[in-house]
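A.B. asks: Protein chains in written order, with numbering that gives the first Met the number 0: chain A, 0 to 130; chain B, 0 to 130.
Just so you know, these hints were derived from the structure itself, not from any lab. Check the hints yourself; a few may be wrong.
One copy or two, either will do: identical chains are not told apart, so a pair holds if it fits within one copy or between any two.
Computed list of lysine-lysine pairs in DSBU-like fashion (alpha-carbon distance at most 30 Å, straight line) [claimed, not checked]:
#1 100 / 52
#2 52 / 114
#3 114 / 46
Residues per chain, in single letters:
Number of protein chains: 2
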Amino acid sequence: MKKSTASSNSFPLRPAPCSPALSQRQFLTITYLGAQQLLAAERDQEKIAVEIKTFLSDSPLTDYHAALGQFLNYRLALEISDPTRILYLAVPVVTYETFFKREFAQISLERYQIKQIIYDPIEEVILQWIP
Amino acid sequence: MKKSTASSNSFPLRPAPCSPALSQRQFLTITYLGAQQLLAAERDQEKIAVEIKTFLSDSPLTDYHAALGQFLNYRLALEISDPTRILYLAVPVVTYETFFKREFAQISLERYQIKQIIYDPIEEVILQWIP
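Using the sequences and the hints given, assemble the complete structure.
C.D. replies: This is how it looks when you write it as structure tokens:
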């Protein structure tokens with residue numbers, strides 16, 4: 000992965016070393032959740048967590064089912080352990096354009112209030128934040 | 000699968016032939032959702048749908064993430080296409096006893112209002128309805 004600066008469009012996509020901002024309880028909770036693809040970070044002065052998904056299978060819908068359930072359980076765990084941290088779902092731009100712009104996906108994202116980060120996996124940069 | 004009677008404790012677990020109660024729109028919606036493990040049925044006078052999960056992987060938590068996301072997307076699709084049909088998640092009794100009774104699983108089930116059917120995969124009968 001490329002080294003990134005602190006600007007909002009070059010948020011580092013690689014997992015950072017365990018952040019001092021993570022409390023022991025939150026760390027344990029996230030470990031319990033099997034959150035290999037979850038990272039904690041700061042964006043401006045907001046504490047965030049990012050669930051990074053690659054959507055590499057043949058079925059983006061199946062991938063989305065799994066990502067949604069994981070996202071909602073992570074968000075629930077964060078509400079308990081670190082309620083000020085905001086969770087985002089990071090999705091590749093191709094998946095965003097070909098799947099997440101469909102009507103049902105949009106309805107689902109809105110219903111479950113999924114905040115998204117759209118990233119370019121080639122350039123390894125964030126293209127868009129969708130709060 | 001065994002042949003089942005109409006009592007609430009012997010609800011047939013095998014997929015029934017496409018129900019005449021399913022409207023064309025609902026059928027299309029469910030097909031779009033890739034709902035291979037979803038069946039429609041009547042219980043007493045209530046229209047229900049059942050998402051059957053086996054939880055056979057090494058990680059019941061990963062299975063639950065996927066089941067939860069699928070369940071919530073199915074429920075959302077049913078709200079649009081057939082809002083009187085109630086969706087249940089069918090889980091094997093061993094998974095219910097060893098995973099779903101844990102504190103975090105209980106919190107998640109309650110938060111997302113997941114109605115469950117507990118079934119015995121050996122005897123192929125329903126043991127419990129959790130509305």
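A.B. asks: Would you mind marking each hint as holding or not holding in the structure?
C.D. replies: For each hint, the structure was consulted:
1. 100 / 52: So residue 100 and residue 52 pass the 30 Å test inside a copy (17 Å) and across (29 Å) alike.
2. 52 / 114: For residue 52 and residue 114, both the intra-copy (13 Å) and inter-copy (28 Å) Cα distances are at most 30 Å.
3. 114 / 46: Within. Shortest intra-copy distance 14 Å satisfies the 30 Å Cα cut-off; inter-copy 34 Å does not.
Of the hints listed earlier, there is not a single one the structure fails to meet.
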